Amino acid sequence: MASRRRMLLKVIILGDSGVGKTSLMNQYVNKKFSNQYKATIGADFLTKEVQIDDRLFTLQIWDTAGQERFQSLGVAFYRGADCCVLVYDVNVTKSFERLNSWREEFLIQASPSDPENFPFVVLGNKIDVDGGNSRTVSEKKAKAWCASKGNIPYFETSAKEGFNVEAAFEYIFLIQLMLEVLEGNSARQAVNARRYGTSDIAS
Amino acid sequence: MNGLYVEEKRSREGRETCSQREPTTGLVPSNPTDGGDPTQQDTIESNRVHSLQGRGASEQGRRRRGIGIASGRPPMDMDPPTNNPSPPGPPDSPPPEKRLASLSLRTSHLPPDFEIHDDYDDDDDDEGYLTAVSRVGSISTSASASASAWKDDLEDADVAPPSPSSSGYAAERGTSLASSAAANDDPQPQPDDDDWPRDKKHLHEDDTSASWRKRKKHFFILSNSGKPIYSRYGDEHKLAGFSATLQAIISFVENSGDHIKFVRAAKHQIVFLVKGPIYLVCISCTEESYEGLRGQLELMYGQMLLILTKSVNRCFEKNPKFDMAPLLGGTDAVFLSLIHAFSWNPATFLHAYTCLPLAQSTRQAASAVLQDIADSGVLFALLMCEHKVISLVGAQKATLHPDDIFLLSNFILSSESFRTSESFSPICLPRYNSMAFLYAYENTYLTLLTARSDAFYDLKDSRSRIQNVLLKANVLVEVQRSLRESALRIEDLPADPSSQSVSPPPQFSQDLHFQLLSSEMAIGGPAGLWHFIYKSIYLDQYVSSEFPLIISNPKQQKRLYKAYKKLYASMHDKATGPHKTQFRRDEDYVLFCWITQDFELYAAFNPLADKSQAIKVCNRVCQWIRDLENEIFVYGESTLSW
Chain A
1 MASRRRMLLK VIILGDSGVG KTSLMNQYVN KKFSNQYKAT IGADFLTKEV
51 QIDDRLFTLQ IWDTAGQERF QSLGVAFYRG ADCCVLVYDV NVTKSFERLN
101 SWREEFLIQA SPSDPENFPF VVLGNKIDVD GGNSRTVSEK KAKAWCASKG
151 NIPYFETSAK EGFNVEAAFE YIFLIQLMLE VLEGNSARQA VNARRYGTSD
201 IAS
Chain B
1 MNGLYVEEKR SREGRETCSQ REPTTGLVPS NPTDGGDPTQ QDTIESNRVH
51 SLQGRGASEQ GRRRRGIGIA SGRPPMDMDP PTNNPSPPGP PDSPPPEKRL
101 ASLSLRTSHL PPDFEIHDDY DDDDDDEGYL TAVSRVGSIS TSASASASAW
151 KDDLEDADVA PPSPSSSGYA AERGTSLASS AAANDDPQPQ PDDDDWPRDK
201 KHLHEDDTSA SWRKRKKHFF ILSNSGKPIY SRYGDEHKLA GFSATLQAII
251 SFVENSGDHI KFVRAAKHQI VFLVKGPIYL VCISCTEESY EGLRGQLELM
301 YGQMLLILTK SVNRCFEKNP KFDMAPLLGG TDAVFLSLIH AFSWNPATFL
351 HAYTCLPLAQ STRQAASAVL QDIADSGVLF ALLMCEHKVI SLVGAQKATL
401 HPDDIFLLSN FILSSESFRT SESFSPICLP RYNSMAFLYA YENTYLTLLT
451 ARSDAFYDLK DSRSRIQNVL LKANVLVEVQ RSLRESALRI EDLPADPSSQ
501 SVSPPPQFSQ DLHFQLLSSE MAIGGPAGLW HFIYKSIYLD QYVSSEFPLI
551 ISNPKQQKRL YKAYKKLYAS MHDKATGPHK TQFRRDEDYV LFCWITQDFE
601 LYAAFNPLAD KSQAIKVCNR VCQWIRDLEN EIFVYGESTL SW
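Chains as they are written, first to last, in full-length UniProt numbering: chain A, 1 to 203; chain B, 1 to 642.
Extracted from the complex, chain A is given alone in its bound form (with noise of 0.2 Å):
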């Protein structure tokens, strides 16, 4: 097991509040839903583990709690954050505008090295609503705020009926592996050559 590479990723969940960030995350870790609105309070944990090939991966998804006067936590949170996921509702056109201050506001505070190239993943949640009626933002114009920000992958999700979920939260880890294969195989070398002692526990 530990011949294998495990990798941590902190994954940050924001949005406006209501928009389903506690609700994706539970479909995504427990494979449940409620109906009932809970609002986080400051912010809530999840681990899970997931093997990809030969990979294992430990997703810590912080979920952070909307409301605005729980912003003031952001610096400590956001600090280390391998990737942030956006989440707004179709339905509510303000869920959607706020995006822009939001994705600001984390790399502000969060200060990555490269914030240019910063992994971020938008989700379009509740497609399920009324059937689709009730949708006020396209899923064209999302695309587009999208590719204008560094072509950041879109996702439309239903928490509800558990719909694009987990494909969304996949695509974290493509991004990660992606990014591994473009630093190529020096480095992963170099890393291999640093991690004495694994291997010989594993046999």
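Check before you lean on any hint, since a few could be wrong.
Pairs of lysine to aspartate or glutamate, EDC-like flavour, derived with a Cα cap of 20 Å [claimed, not checked]:
(1) B:Lys574 with B:Glu287
(2) A:Lys48 with B:Asp235
(3) B:Lys318 with A:Glu116
(4) A:Lys48 with B:Asp598
(5) B:Lys318 with A:Asp128
(6) B:Lys616 with B:Asp598
(7) B:Lys566 with B:Asp586
(8) B:Lys616 with B:Asp540
(9) B:Lys318 with A:Glu49
(10) A:Lys140 with A:Asp128
(11) A:Lys140 with A:Glu105
(12) B:Lys555 with B:Asp573
(13) A:Lys32 with A:Glu49
(14) A:Lys94 with A:Glu139
(15) B:Lys562 with B:Glu205
Residues of chain B placed beyond 10 Å of chain A at every Cβ, according to the derived structure [what the hints assert, rightly or not]:
(16) Phe242
(17) Asn319
(18) Ala325
(19) Tyr445
(20) Leu539
(21) Gln597
Read the hints as simulated data drawn from the structure, not as lab findings. Note that the structure is predicted; figures quoted are calculated from it, not measured. Virtual Cβ for every residue (Gly too), placed ideally from N, Cα, C.
Given the coordinates of chain A, work out where chain B should sit on it, guided by the hints.
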């Protein structure tokens, strides 16, 4: 993002750079791990921030309590015996089972605490509840949090010391040059180590496991982004959510411009230590003091630095995403051995080291040859046997800090490859960057510290020269003999000269309580003395006596150490102390502590011991130590720089 690989590579480079760096000027004088020196920074006790309700607190009243703390009491009769009988030479060979437990890391039988289940500690059956974190932990700005029970009715068996072959750690270190073991380096018999250390770590557990929650003492290391680095129990990755919660608590307090020191919840105490980008947390219901637990976290941090060097801080500066856990891969044995030592090695709370008793001439022979080497460019030459120092020589009249000696020996003793080969490895003494050359001869090992990364072959030559001299001078034989025979036993405490005419031991016949004692209780030294630890403040060294038969049970020994720790904490309490003497009687012991500017004496008597008799005996112990000091202490290397 720039993946972790790049940063890890950087870290490796950083580490090599760091370890090749010229040593800085001497040692930093301050001692951050001094348990008697709680932080001075402007901090709060943050119980108010996270309200933690406790149930079952009322039961605490039935716990054992000490009585009769005498602070600032004028010392009792301190007149040393004027006519001390001849100091005992090396006493007769004791039965092997009487060897001091803390010394037996390498013996084939397991140390005493490695017993299946330690349920003796009957003061732990209260149920404490604290509001804290469950798997979906919640950190809130209000005072509420989800409640989860931390039952403490289960005394976990403390971790075992490392079994030698379990690590394999150093063998794969890129920079470790290991030559084959010398011909005379007998392979040690392998203890039954199949279930260690991974099983001891209980990898299947996480914060949802009842067994995990019942553990009496957790240690966590995490990064300031909430990524887990080390956990004593359970798999770090499975504890990622818990780790994030700890980070959130710490950050929440820091956001308000403050620092969290500890949270108390019924019987549990959660102690936090922030070291730049590294957070250390201990969750304990062992009743140890805040200062004591904090000192243990400092040692954890020191051990981590010793392995990884301070360049880890730069990794975090460059990349907050940095995942440090892989860098510590394979070092579980080192940390488990360290945590084990918190219960069993007085060095961890006295911040002093102990020496192997040796005839003065033998030690001088060893020191002389080490001094020769030190004069030829080695920073320090350290000859040790198990946890005991045989000789220590520094080139520039600098001294190694006792905590550094302890962490170094813990690292060496818990890493099997060090013990079977000549190794050259970068280490970072928390205050002294250097390369270490290590050579082990059975349970005796020589450590040469240098600042030169290319010094391996020079040091290898030095090693064989030293070994030749040590063999010729019979030092190694003497070391083994001392290990077997030379422990301090309270029965050997010289009789009080003033009462020599009475048939010894006179105290017993005078003791009114004596007849009440069972014969078993009476075993021990004069006046019911069971055990003592004497620390020389000037030398940073301590000696402790062998455990008597009455404390031969490992659980009793652990309990006595716990009592000593408590005594140490109360004597050094910044708020009410420092105190000079303390006499404390409870149902287990009479404990007596006496601190002067020269020494600290901790003594345990049977619980019915007479106070004035006990005090007299303590005087005799101190005199005894003074008479033996040339054999039981290592004196400053400067005296040997002829």
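We went through each hint and held it up to the structure:
no., hint, result
1, B:Lys574 with B:Glu287, "holds, 18 Å"
2, A:Lys48 with B:Asp235, "holds, 13 Å"
3, B:Lys318 with A:Glu116, "holds, 17 Å"
4, A:Lys48 with B:Asp598, "violated, 56 Å"
5, B:Lys318 with A:Asp128, "violated, 43 Å"
6, B:Lys616 with B:Asp598, "holds, 18 Å"
7, B:Lys566 with B:Asp586, "holds, 13 Å"
8, B:Lys616 with B:Asp540, "violated, 25 Å"
9, B:Lys318 with A:Glu49, "violated, 27 Å"
10, A:Lys140 with A:Asp128, "holds, 17 Å"
11, A:Lys140 with A:Glu105, "violated, 24 Å"
12, B:Lys555 with B:Asp573, "violated, 27 Å"
13, A:Lys32 with A:Glu49, "holds, 17 Å"
14, A:Lys94 with A:Glu139, "holds, 15 Å"
15, B:Lys562 with B:Glu205, "violated, 27 Å"
16, Phe242, "violated, 8 Å"
17, Asn319, "violated, 6 Å"
18, Ala325, "violated, 7 Å"
19, Tyr445, "holds, 21 Å"
20, Leu539, "holds, 37 Å"
21, Gln597, "holds, 45 Å"
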